[in-house]
Amino acid sequence: MINWLFIFVPLTVVLEHVVPMAYTWIFFMACLAILPIAHLIVESTEHISVHTGDAIGGLLNATFGNAPELIIAMVALRAGLFDMVRASLIGAILANLLLALGIAFLLGGLRYHNQEYNPAASRLYSTMMLTAVISLVVPSTFNRFFAAQAAPRQEELLNLGMALVLLIAYALYLLFMLKTHPEFFSSAVASAEDEEHHSGAAQWSIPKAAGCLVLASVLAAWMSEILVGAAEGTGKALGMSQTFIGIVFLAIVGGAAESGSAIAMARKNKMDLTVGIALGSCIQIALFVAPVLVLASYVVAPHPLELSFGRAELGAMFLAILIGAMVSGDGRSNWYKGVQLTTVYVILAFLFYFMPETAPQ
Amino acid sequence: MINWLFIFVPLTVVLEHVVPMAYTWIFFMACLAILPIAHLIVESTEHISVHTGDAIGGLLNATFGNAPELIIAMVALRAGLFDMVRASLIGAILANLLLALGIAFLLGGLRYHNQEYNPAASRLYSTMMLTAVISLVVPSTFNRFFAAQAAPRQEELLNLGMALVLLIAYALYLLFMLKTHPEFFSSAVASAEDEEHHSGAAQWSIPKAAGCLVLASVLAAWMSEILVGAAEGTGKALGMSQTFIGIVFLAIVGGAAESGSAIAMARKNKMDLTVGIALGSCIQIALFVAPVLVLASYVVAPHPLELSFGRAELGAMFLAILIGAMVSGDGRSNWYKGVQLTTVYVILAFLFYFMPETAPQ
Amino acid sequence: MINWLFIFVPLTVVLEHVVPMAYTWIFFMACLAILPIAHLIVESTEHISVHTGDAIGGLLNATFGNAPELIIAMVALRAGLFDMVRASLIGAILANLLLALGIAFLLGGLRYHNQEYNPAASRLYSTMMLTAVISLVVPSTFNRFFAAQAAPRQEELLNLGMALVLLIAYALYLLFMLKTHPEFFSSAVASAEDEEHHSGAAQWSIPKAAGCLVLASVLAAWMSEILVGAAEGTGKALGMSQTFIGIVFLAIVGGAAESGSAIAMARKNKMDLTVGIALGSCIQIALFVAPVLVLASYVVAPHPLELSFGRAELGAMFLAILIGAMVSGDGRSNWYKGVQLTTVYVILAFLFYFMPETAPQ
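Chains C, L and R are the protein sequences, given in the same order. Count the first sequence with the numbering used here and you get residues 555 to 915, in order. Count the second sequence with the numbering used here and you get residues 555 to 915, in order. Count the third sequence with the numbering used here and you get residues 555 to 915, in order.
A hint or two may mislead.
Partial list, computed: chain L residues near chain C (C-beta under 10 angstroms) [as the list claims (entries may be wrong)]:
(1) Phe-696
(2) Leu-720
(3) Phe-738
(4) Leu-876
Hints listed in this document are in silico derivations from the structure and should not be mistaken for laboratory results. Bear in mind that the values here come from a model prediction, so they are computed numbers and not experimental data. C-beta atoms are modelled at their ideal positions from N, C-alpha and C, and glycine is treated no differently.
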């Protein structure tokens, strides 16, 4: 039923050719157009992973799960919109950790009095997130305080070193999750398979699934191109900063497919899946998408991307993780926990909306 | 037995008229005079709430529980002592979270080897507090870093927006606590009723309770007027800053009634009540008293109150919440936990004592 | 088997006399020479404590457990290398909390699928650590922000006051651990005794143990003298700052004996002991070694030591405690938790390596 949104793909293209100056319209139509494409990417990955067996399937899901975010960020990277790229990373983490999980807890809690899930897994996700934030803090601190005295070479080394550390941590995390301790995440995986197998739809063949994946990725890149192209103009028209557009709009659009399924699972009382999707997605962004963008920037971007976030961004992420860990640490949820997470998201969005673009961070 | 302190009400008034320059004496006598008044406010609210049924009674208790703090802050607000108002808010949170809970754990632990309470409720309180701190951090950050570049209109909007978000979160919290999930807090509520009903004293009639409430509130306002009037002079005489007086003296005086009952309950091994009173009080201050003061400042104060706290204040509150959450997160207490909380309070009081008034925060 | 490293004691002395300029060689040989000496100090303390009964034995262990760190820091203090002393304190905490515990979790987890320990004890350690960090933050903040406006006398008072608060908290912690709530730590203590009694070796007599302790302490002081003397030259030769040498090398060397036994216990699946040694050691450093150094500085150092840490040091310690608390809070460990802790250590070591010495902190 999300598929009727595909109508926005041609509409966006037509609009962009006919009235190229209608930035705001183009931007929001491209946002709508990306939603079904992102959904298609996620869906075809899942169909492929059914054919490949558990381990490789898990790997595929973990790697392509954030393909929409990655594609949008890559396009913005090529266009040299570094602030927007950094903002979309932070925004994706906030959107998954606070908004998606918050709405899922809220809507799930309105239907079920109390909901339960595995606290050990959510604790693991929290520590992973904190590790990731620490490794993002280090280059940012360095850039802000010490960059002037250090040779540029050192700065780059630190940046690359951190990207590598994150990727190694991610590889070991996959090993832990898929090979040595799958029982840690088992109820989530089991029900996910379940969901897939009995969701009524027939399995796609590999050629069909692969074809859809390639097609959807090309479409996503195309729409992202239009989206990013219109972003700056939209920001000016609506009085919003590049950072705000990246943190709120790009992040929500990029993660909409996954957020949608996290919320849907909560309505079915499958909280392990909800938590797994929302927090797992955060981890992929911090440990996989971010370092991949750093490495990719050496190839596609005008100059290397540095993971140097401002004070407000790091603070927001740190507080989000802290409250996420506190709220989800006991393996139980109710509607009010959803309100808490959503409230924090709204408060942080407020901050980024009012923050002047030229602020000293 | 606290009632003999009422003698300080006339004494303070007399002293203020006879020796209006004896600031320090007036200040400390007014402190003593407010203690029984605050106790009377809390007591009459409870007597009224017995007549009104559970839901409205809970609402009344939650709203009037911090009436003494609110009255003192309101008087200081009208006098334009904004630093003192802000300091008394922070101080009230520190006093409840660290000092009252710490002394309760310590004295309770000296009598009972281990004491237990419901960890789910204390976890909820912690996340509420963190939400509140986040919403206090945002306007403060904004004021400190971005205010120069932003239009004053934006600053005010942000300030009002945050006050509104806090009040909505508080309303939903009352809904959660009183309507949808009362079992979460049940042992606390049950024993509280218990306590009330069997405490030997006869119930007051509504007219008597309401009369006492009005009388006590008027007295409280009068004494607060004297207290606040003498505060500045006392600070100068003792070499203490406005901030220190607000954070330590006003906060302890304003919360003394509730702190006293939290400690008394711990001595009776009713830890759920202890935790409910001490942490519940913190939440009311952060989510109810603070935004109400912001809104009230548009009416009673010379210019609007902004919730812009300094670095030291925010840091102190953040660390207090973190250690409070860690210490109370497992639902068990012993005397040493009390020592830990009290130690942190002493350390923070040290900091505020030595902090120069003109410090760049 | 560690005893063959004693060969490095004479080697270091000879080298220092023959080629006094070979700083780097001398430094690393002195590092190796200290390892068996530190081990001997720990061992003889344990043998003495067998003769003295539980309470005094526990006290002895708790006091002499960090003797190597204390001796090295004392020597550096006398030489006026204040940055190195402060760095070695931070480094010792990081090394115990992240590196020793991380490697223990990792190696233990490679042998055992899941390992369990008492979460209540690890929670207590975490709150102790946070208390300690708060009391280190306060004088540091004061020095950084307010020192200019405050009288030097005030600064000194605050510094001494904090040292006293820490020592009192430590004394009460010993009382709690050894007298009132030993069952909290019981499994750890029981197995430790066990380990000692049945480790095959005969008990040493008091004279032998005391003699060894004195001899080892003298040797440790001698080697530390050489170590510290060569540290500056080594730093220049290898392009490392005083801070980095203190945080990484001195800290690892000083804590090697204990780290070694923490790891060995994990390999034997005695996780309570592992956690007790690693986290207990952190607490001793923060609550005992640090304030003792402050007090000692009035006697042995050119001017009083102030516990004023830079932004990066405090941030590193704060994040380390937060992640340590999150990781160890549920009483279960596996290899991936070890990877997480070790990763954070590596990231922080990166930061301190690249941090310019003259940085504004």
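When the hints from earlier in the document are held up against this structure, which numbers fail?
none
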